[in-house]
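Build out the structure end to end from the sequences listed, making use of the hints.
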Amino acid sequence: MINKEKDYHIINVNPDSFVEYFRKLIQYRFLILAFAKRDLKVKYAQTFLGVAWSILQPLTGVVIFTFFFSYILGWTSGDLPYSIYVLSGLLGWNFFSYIVNAGSTSVQESSHLIKKIYFPKSILPLSKVVVASVELALSFLLLIPLMLYFGEMITWRIVFLPFVLLFNVLCALTFVFWLSAFAYKKRDLFHLMPFVLYFGIWLTPVFFDYNILPEKLRFLMDYNPMANVVSLWRWMLFDYSSFQWIWVMNFGIILTACLLGMYIYNRRESAFADYV
Amino acid sequence: MEKDIVIKVKNLTKLYPLRSFKRDKEGKEITYHTALENINFEVKKGESVGIVGPNGSGKSTLLKILAGVSKPTTGQVKIRGKVASILDIGAGFHPELSGRENVYLNGQIHGFSRKEISKQFDAIVAFSGIEDFIDEPVKNYSNGMYLRLAFSIMAHLDFDIYLFDEVLSVGDAEFRRKIRNKVKEWKRNKTLLTVTHEMELIGSMFDRVIHFTIHDTPTLTNDFSAFNEIINNTLIEYVNGQDIQDENFAISLDLENFHVVINGKKKL
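In the order they appear, the protein sequences are chains A and B.
Counted the way this note's numbering counts, the first sequence spans residues 527 to 802.
Counted the way this note's numbering counts, the second sequence spans residues 6 to 273.
Hints in this document: simulated from the structure, not taken from any laboratory.
You can take every hint at face value.
Under the rule of at most 16 Å between Cα atoms (straight-line distance), these lysine to aspartate or glutamate pairs were calculated in the EDC-like manner:
#1 K189(B) / E52(B)
#2 K192(B) / E52(B)
#3 K569(A) / E101(B)
#4 K563(A) / E101(B)
#5 K49(B) / D212(B)
#6 K567(A) / E101(B)
#7 K641(A) / D93(B)
#8 K13(B) / E47(B)
#9 K83(B) / D533(A)
Computed from a prediction, not measured in an experiment: that's the story for all the values here.
Rendered as structure tokens:
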């Protein structure tokens, strides 16, 4: 057998090309699920209620927010019962914040592993997307009975679900890739992340209808992609507000930013093992 | 490229940035630690190569680069075949998961599909000898059980090149014997690179030895006197270990080819 030059894998200072990187990602795709499965199993290990804990969390949220914002403060949400309004807002936001939180710490979390075994590092945040999706699906177990109770019907627009999910995921991954690519040496940016999530929820119509904002501040809701996503969820589920073309434009921007972030992440991930 | 060469390391250098600057003798600032400097060597298919030297001489860095975990600063490595990086035995094990779940997870981290792992599953469990506890979480395993399972996974998946970082010396005597037997079995068609501090292995397990020393900066040595010393010490240990009863036992160095010659034969 004659060895061909191409049989050899070459390791030098250059990162993999983007095409080569995607090829590796596809080769390792099952690892995304394997890590997600591990996380889920570990999360519910030695619990009696198991996944019920993941339903209990948004449930307490809905109860508390409905009590304070709707009952005490008297915030309204158009035709939609406030509890459904806030839960549908939390769907998208919690999905986003879970991926951002877990995704940006995932490299640190697996430091013992990436120092010993090679695999494409974006597997780590991508596996968190799967975990977050399971949590999201569990939230639906809460939303559906609530909708039945209030007699809300899901609209035909549910066919846009994959698109809305994609937009939601891209928002989170953009954050994760850019953050991880720039914060692996100096970790200050990681400390900034909780602030962004903490304040971000108030720049997004999760709890309030954006009609309560003064006219001149409403534009903020157009330029914040996560506000778009949350509005999209409600548009899709309940036809709550009218469709905005700026959502599509922002989707394009986020898609580009995410791919660019992934590109930079790929260029730099080989150094992660030397710094974590 | 020459036939049968599976690893070709050319002008390999690895620098690590230092968090605090140091000064050299002339007072010049040093901002990097040189872990490897201009390393060159080739390994043929089926060879077993030992990597010896003191702590901090770059042995593990070399394995990390070969494993693809860390990138070289300059130079390149050409490598052919599936690489098992056993830099730490049981890396990737999750304490909360059962032995069974960890077998699959670990195999998948090393790039195998569930299907491929399933095929070997029974053999893995049998070799590790923990059939009764395979569905228990590994955090409840004894240290020995943990190591046996971890090694067993690596031993039964189909790799071409094995990189060991001091992991051949884990476990009790019985398990070590098991490992060494397995390694001898591999010597027929697998390529092995082993970092070790156990000089007794030089004679029994390796065809060749790469010796690292620390100078001002660690480099691959050309200074064979240090190596000779190790070999002489090895000889003593070896004989003391009573592995060899032969009075005419002789060990020497083939300087040109970097071979350890024992009893006139290149390998044992």
